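Model the full structure from these sequences, guided by the hints.
Chains as they are written, first to last, in numbering that gives the first Met the number 0: chain A, 0 to 350; chain B, 0 to 350; chain C, 0 to 350; chain D, 0 to 350.
The list treats identical chains as one, so a pair stands whether inside a single copy or across any two.
Only pairs whose alpha carbons sit at most 16 Å apart, straight line, appear in this in silico EDC-like list of lysine to aspartate or glutamate:
no.: 1; residue 1: K252; residue 2: E262
no.: 2; residue 1: K275; residue 2: E53
no.: 3; residue 1: K24; residue 2: E341
no.: 4; residue 1: K40; residue 2: E281
no.: 5; residue 1: K269; residue 2: E132
no.: 6; residue 1: K24; residue 2: D344
Just so you know, the hints here were simulated from the structure itself, not pulled from any lab data. A quick note: this is a predicted structure, and the numbers were derived from the prediction, not measured.
Single-letter residue listing:
4 protein chains.
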Amino acid sequence: MIRAGIIGATGYAGNELVRLLTAHKETEIVWYGSRSYTGEKYASVYRNMFQLVEDECLDDKIEELAGEADVIFTATPQGFLAGVLSEDILKQVKVVDLSADFRIKDVSVYESWYRIAHKSPQFIGEAVYGLCEINREKVKRARLVANPGCYTTCSILTAYPLVKEGLIDTDTLIIDAKSGTSGAGRGAKLPNLFCEVNENIKAYGVTSHRHTPEIEEQLGYAAGKQVTVNFTPHLVPMNRGILVTEYASLKKKADGSLPAYEEIKAVYDKYFEKEKFVRVLEKDICPETKWVEGSNYVDVNFTIDERTGRIIMMGALDNLVKGAAGQAVQNMNLLFGLDEAEGLDLVPVFP
Amino acid sequence: MIRAGIIGATGYAGNELVRLLTAHKETEIVWYGSRSYTGEKYASVYRNMFQLVEDECLDDKIEELAGEADVIFTATPQGFLAGVLSEDILKQVKVVDLSADFRIKDVSVYESWYRIAHKSPQFIGEAVYGLCEINREKVKRARLVANPGCYTTCSILTAYPLVKEGLIDTDTLIIDAKSGTSGAGRGAKLPNLFCEVNENIKAYGVTSHRHTPEIEEQLGYAAGKQVTVNFTPHLVPMNRGILVTEYASLKKKADGSLPAYEEIKAVYDKYFEKEKFVRVLEKDICPETKWVEGSNYVDVNFTIDERTGRIIMMGALDNLVKGAAGQAVQNMNLLFGLDEAEGLDLVPVFP
Amino acid sequence: MIRAGIIGATGYAGNELVRLLTAHKETEIVWYGSRSYTGEKYASVYRNMFQLVEDECLDDKIEELAGEADVIFTATPQGFLAGVLSEDILKQVKVVDLSADFRIKDVSVYESWYRIAHKSPQFIGEAVYGLCEINREKVKRARLVANPGCYTTCSILTAYPLVKEGLIDTDTLIIDAKSGTSGAGRGAKLPNLFCEVNENIKAYGVTSHRHTPEIEEQLGYAAGKQVTVNFTPHLVPMNRGILVTEYASLKKKADGSLPAYEEIKAVYDKYFEKEKFVRVLEKDICPETKWVEGSNYVDVNFTIDERTGRIIMMGALDNLVKGAAGQAVQNMNLLFGLDEAEGLDLVPVFP
Amino acid sequence: MIRAGIIGATGYAGNELVRLLTAHKETEIVWYGSRSYTGEKYASVYRNMFQLVEDECLDDKIEELAGEADVIFTATPQGFLAGVLSEDILKQVKVVDLSADFRIKDVSVYESWYRIAHKSPQFIGEAVYGLCEINREKVKRARLVANPGCYTTCSILTAYPLVKEGLIDTDTLIIDAKSGTSGAGRGAKLPNLFCEVNENIKAYGVTSHRHTPEIEEQLGYAAGKQVTVNFTPHLVPMNRGILVTEYASLKKKADGSLPAYEEIKAVYDKYFEKEKFVRVLEKDICPETKWVEGSNYVDVNFTIDERTGRIIMMGALDNLVKGAAGQAVQNMNLLFGLDEAEGLDLVPVFP
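Written as structure tokens, this is what we have:
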């Protein structure tokens, strides 16, 4: 059994990790870390876990935890892991970090978008960006995995094949994203109150959302050149789910025409046909967040607009599963040589 | 592998059966029956099943199905199964009926509340009311299981220990129930449109809801005498979940006092402590539908009111799981000698 | 023009007062009191008011306000008004209190349920309970109006005619109430977060909700004797609306039969036919909160259950209008001799 | 009093017209037309109108209605008005058409996007596109007003000043729109069921939504040249509200720099400062649909992205008010020489 510790177990992503790891055959949770609820029973913080989890919440002493666990998940605020990580820890235990601390290779970019100093830049180099479908082999050999952001996982996978194959003009790429409210966390803040979110939709973080540089970096690797995008998130009155709608100009073919549907579809299939967790939908079917809820799937599809020469790409996932805890477990499976889908055979819950 | 056929696979309960049986290790689905969608791919009716189910929908020829399956689930309108069931079918296959056709022993009561003639009353006698926690042993020996209604499962289990032990005056029992909208089915009806249900709550079927006689019959067995209740369902703007709030006068003890909390708690524990799927919550914790969503749990609790001499009992479940498909699978497990919880180790999804 | 001051203008009820008074032809708001937002523009706290309200929030100095206003609305926490009210204030200005401070005549009952000491019991005697349909004439002559609670307005009006006429056994009265989330206020508390409320329903304050003694006192006046009830509130995932479902045993007539529908209907009509804001619905139509949203209406109706001898009474209102700000304006209209419906001709908003 | 007739009074837009006209001081409704509910009481179709509307629904005989009304609103399916309109009708009565029949000047464009033949193209020329803020003077002199679509009103007004002043490259304009579900109408269709919409978001009509040519035509007039856009609508789990997020490249100034915030703001103010119903928000405040709910306001704002050279424009309105019935009343006010805001002093309802 893999002994797993969670630091930040009482946030929504932490609770989803508990849900998934509780059902995972090869794992036992040995540490429910929560600075806010230290000493309280976990099941009194998340009553869905009544009779399923008997443990109390522990604090966030990662060094102690490193001696008791085989893998540590950190579902913590930005800066936490960078502030406490050490070579000593990484020698003892694998770390899957759900925060952004080790996602971005250029520390100045990190510090500029997150407005905090990075406390352990020496580990950025070895950290593997844990987008499993792209970096699978690297993850298998890693000590430290930077689990991708929810918006970024969806944004990158939706465009990846076309960027990688150079079929779109990345200078024209615009990502309009919509997220359920669990992405905002469990903090008691006025804008997240039921009456403020319900029956409402708004954009936020326009031109300044922190997932922007992460998307740009990863798509930049695919494109082989710098990519700069507009990324606009919106808050939707639902608990779970992210939908991205991405716009880009298709490059014309030698004869001046646009690629046909079948040509684009073949490119998506080239990258995703064998991927269990990425489903390229049938022609003209638009992804819906409800169809992936509770599961580790990303559903993607596209429509070509002959009138404007653009392609509209769409992707949907559950922000707490493939967008956070599910992908973290997928990374753990890779780190420990398990079947990548172990514990992730989650059939989407509808309705 | 148990070969399972579903008639009525494209209703919400049918889809939940597909979700649960797809993940069930001992079962394969051999028949996706749907009169409305015969010939269409199942995954085009429920796109959550894309790449998970490749089959097309079949019609509802139960006699043919009986030759191909070990168990048939009928998630069909009232009267369907009674209209087609035969000794020949029951000799070949186990039947778990999610409709009300065989729940009520007195055929005149059935016909009076459901306003249809019962076409095969000869099977009513042998049908076992599949409330597993109460009728476990009978289910194991049954050919035909009448899977309980969603409201009834919640209403009965919430009050059962006190009725069985004679601690409440059943003449005073009032059940105020609240349900998510999936209980209304997937039929395209104006009252179930988003804009009609959202931001709204209403009672319906006041004094006339068909689950009333089912509750009365089962609680009557527990009480050892006729029970007549008020049952009032309400429609709540959420997808899943049933909450019942039940009121009854506590019988006073010999000394004229009311039972203490601990005495009542002990009675609940007597019946439910060993039940995996019934969770008696800690003191003063009110059940919430969200804490059981997606799972087979029923959460129950109670509060004693010294001022009025009444006890307020509360219960919560997911109407599509313990209230329908989950309990049907639980019954199937019993029918085939499997671990009762096989395929039902579902951790509640929160949020 | 009536000069109105609001203390507690930045709660949900306060904002609704601003909405109604802004559209009221005979009123101008001279004071937007808010301890939390003193010095901020009101429209930056409630952006629906952008370009409609230019004022900044002021503090809660009621003595200063008394010199500038004709009427003061206090939409404040329990105990605030009792702590600051004085004869000097009441000599200058009418006060409509939306808190519970002056609703309950027996100060020990208030102190027992609210768990705070009452700082100015000397004004309890003269305070008029502002349930306009019942106490209209008293309100006209009052200096201090105790605006009823949201649950209580709905609970009382729904049962009032039958209690007043002695048609039900008040010892059997049970009130099961369901409320939208705005009733919980705008405080940033975890249980009111979107993800905690959405897709969820629960009871709370079982046997202990503070509106219980208020209901009991008022129905006691109607009954001419002490009334003790069970009152159970539930939190519903919607912004606005309260629905009550009330159960009571009908008294039998001299011949041992239950009253007929027409007899009960006539009693409701006797009290409400001429009331603009109470709509007794047509036979078999259940009240829905959506049909009164945004308006000052209370919709009521009932069903007689011959089987149990009980009557099920139902009522629906908008908790922020007839349940708070709308009734407060209705009281103001009475206090100043205006048409009682002035500013309250609000057509319900659907959907 | 203006006598108003409504054909299509039982759709959601029709019901909103009834709400607004019922409260309008200068209007009386003389005809509640509804093909589906002819002969039924209007208030039994929309119970919010109980005791407010006593009339029965009439059929859709527009010629008879023309003799009884001063203005006819048609909230009808595409093709209805074009099929029945005549010179005789227009000689007797003003017509405000909420369908698309007379919005598009080029009949072949209409027929291509709507896939129906236009039955009375002879009236297209005189029809005035009733976007009041743009065509106010033309509306005043019209007989036939084509009331704009919900998405189009929001999309056009949000970008209008910058298009009109030539500040953006219209070839780069992308409109990502999000709508509440009332926009889908009251038809009983499976995709609009509560359980299908709730907890879900999806795009639909990608590259093919019928509001596209309407936006292009109107923005084309502003630009003085043909405009072709991507317009992608999304369905959001809320009743009311449209939010648009629009992306376009800013034209650089002579010195190669982008315009400053203040320069863009000045352009918005030039067009909207005196417009009662268009609110240009303060810097960095993103429009939210909740802040305009129930009112006739459009809230707009923008953010400049120095990194990409694009401007992100945002707009929010209530699709049933400014997006349909409210704008129709605004047009009626113009047609009859009333104060343009008569009956539209609706304070947004929050929450």
